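Given the sequences, and given the hints that come with them, work out the whole structure.
Protein chains: 2
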Amino acid sequence: MKASDQPEFEPASRIEAAEISSAYVRPPQQSRSLAAYKRITSAARDILIENGLDGFALQEVAARAGVSNGALQYRFASKERLLKTVITISLEDVVEKERDMHHDLRKTCASIGEFMPAYISRYWQIMAAFHPIFSSSIDVISGDAYLSALGRSIGMRNEVMAKNTMLSYFSHPTEALIGSVDAVYHLVFSYILREIHFPSGDPGSADVLRRTRALAEMCEARLTSI
Amino acid sequence: MKASDQPEFEPASRIEAAEISSAYVRPPQQSRSLAAYKRITSAARDILIENGLDGFALQEVAARAGVSNGALQYRFASKERLLKTVITISLEDVVEKERDMHHDLRKTCASIGEFMPAYISRYWQIMAAFHPIFSSSIDVISGDAYLSALGRSIGMRNEVMAKNTMLSYFSHPTEALIGSVDAVYHLVFSYILREIHFPSGDPGSADVLRRTRALAEMCEARLTSI
Chain A
118 MKASDQPEFE PASRIEAAEI SSAYVRPPQQ SRSLAAYKRI TSAARDILIE
168 NGLDGFALQE VAARAGVSNG ALQYRFASKE RLLKTVITIS LEDVVEKERD
218 MHHDLRKTCA SIGEFMPAYI SRYWQIMAAF HPIFSSSIDV ISGDAYLSAL
268 GRSIGMRNEV MAKNTMLSYF SHPTEALIGS VDAVYHLVFS YILREIHFPS
318 GDPGSADVLR RTRALAEMCE ARLTSI
Chain B
118 MKASDQPEFE PASRIEAAEI SSAYVRPPQQ SRSLAAYKRI TSAARDILIE
168 NGLDGFALQE VAARAGVSNG ALQYRFASKE RLLKTVITIS LEDVVEKERD
218 MHHDLRKTCA SIGEFMPAYI SRYWQIMAAF HPIFSSSIDV ISGDAYLSAL
268 GRSIGMRNEV MAKNTMLSYF SHPTEALIGS VDAVYHLVFS YILREIHFPS
318 GDPGSADVLR RTRALAEMCE ARLTSI
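Chains as they are written, first to last, in the numbering used here: chain A, 118 to 343; chain B, 118 to 343.
These are computed hints drawn from the structure, not numbers from a lab.
Among the hints, a few may not be true.
[What the hints assert, rightly or not] Selected chain A positions facing chain B (in silico; Cβ < 8 angstroms):
hint, residue
1, Q242
2, R269
3, S317
4, G321
5, R327
6, A331
7, M335
Predicted model, so just to flag it, every value in this text is computed and none were measured.
Think of the CB as a built atom: it goes at the ideal place given N, C-alpha and C, for glycine as much as any other residue.
Encoded structure:
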């Protein structure tokens, strides 16, 4: 793989230092404050998913989190900061889940034939879990330099991890194999993205399961035919 | 193929009769009126693509089409009717292009190996040409029963045509082949949709061309391996 195909994951902390301070509210150290922070961000996340951006109201967040309006205001200052904090937490959750997934899959899948269907299924779950936040907040993310950069870096990071895991099943990474790994990665990503945004059928239906199995088999066939 | 996999294309005229009358403005018969109608709808299409829905103003359409505000008002009554007429014309244009594509491809591609890359490329062009209208008017389409039905019927129609063309390259349509044709169709559709909405790179770049070629080869391999 050429160096240009393997972008380094830009650590969140580096972007954070430059740009995040005005929006993201860090978790407090003290345990009682931390508990309230978690209740608030979790309630805010649920309300964002349920109501969308237009129906996202601080009063409802405070009521559901069991804190006063004043305490919420004191901690998060504005609706915008609370919103961006929730989105940041959700994006960081995606990073963590992807890392765990690759860790598990490398341990449990003995061959590329076992890896492909497991990867498609696990990665689909991660993207589906994030989708409600993403679709509610796409305008907020695209209008915020830090959140856009974080989103892009998560995408690049997943691409690199997925390609490296696929390559780990082969002893000899030829140029042809690297090209196929690239095509396979993008095909899987396109398939999942489409099924989440414009489903071809119910996710658990026989039709969709058959299509997903065919995709995994086509990917395996491509990678092992080289 | 089971009958349920082959939805009949619901003719536009049938839906039209029930629901279209209040929105769509039909082309006039008289040639001078028809010329003005075409100038207006073409200018409206360009302005919708350039400015999006928020910047779509009747005065600008009239000016660009070279008709008076009064004449535009007389023909189309409201911005909404003009907009829905433009969207209907664009959707009907997609139908016509898809029909022509399948007609050409069946004549010019002697094998499934020739058909796959040609189909991906031609269908991508059709979807890319429609994309600016679609992304400007997705809320109008989803809020209008006729336009939603027309959009769905175009999707079903393309699916049936594409599957039938693929099957025409094989003498014996087994259940396994039919399943693979279905998976291949959805994979190609997902891939094109993703490259149009969230491009993995510049459409003419070496990376994207290599991915597209790999997809065509994977589809051919799947269909001929059965």
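Each hint, compared with the structure:
1. With 8 angstroms as the threshold, the beta carbon of A/Q242 stays out of range of chain B, its nearest partner Cβ sitting at about 18 angstroms, so the hint is violated.
2. Interface hint status for A/R269: violated, as the beta-carbon distance to the closest one in chain B is roughly 11 angstroms, over 8 angstroms.
3. Among the interface hints, the one on A/S317 holds; its C-beta lies about 5 angstroms from the nearest C-beta in chain B, closer than the 8 angstroms criterion.
4. Hint on A/G321 is violated. Least Cβ distance to chain B is approximately 16 angstroms, over the 8 angstroms limit.
5. Hint status for A/R327: holds, given a least beta-carbon distance of 6 angstroms to chain B, under 8 angstroms.
6. With 8 angstroms as the threshold, the beta carbon of A/A331 comes within range of chain B, its nearest partner Cβ sitting at about 3 angstroms, so the hint holds.
7. A cut of 8 angstroms between beta carbons decides the hint on A/M335: the least distance to chain B is about 5 angstroms, and the hint holds.
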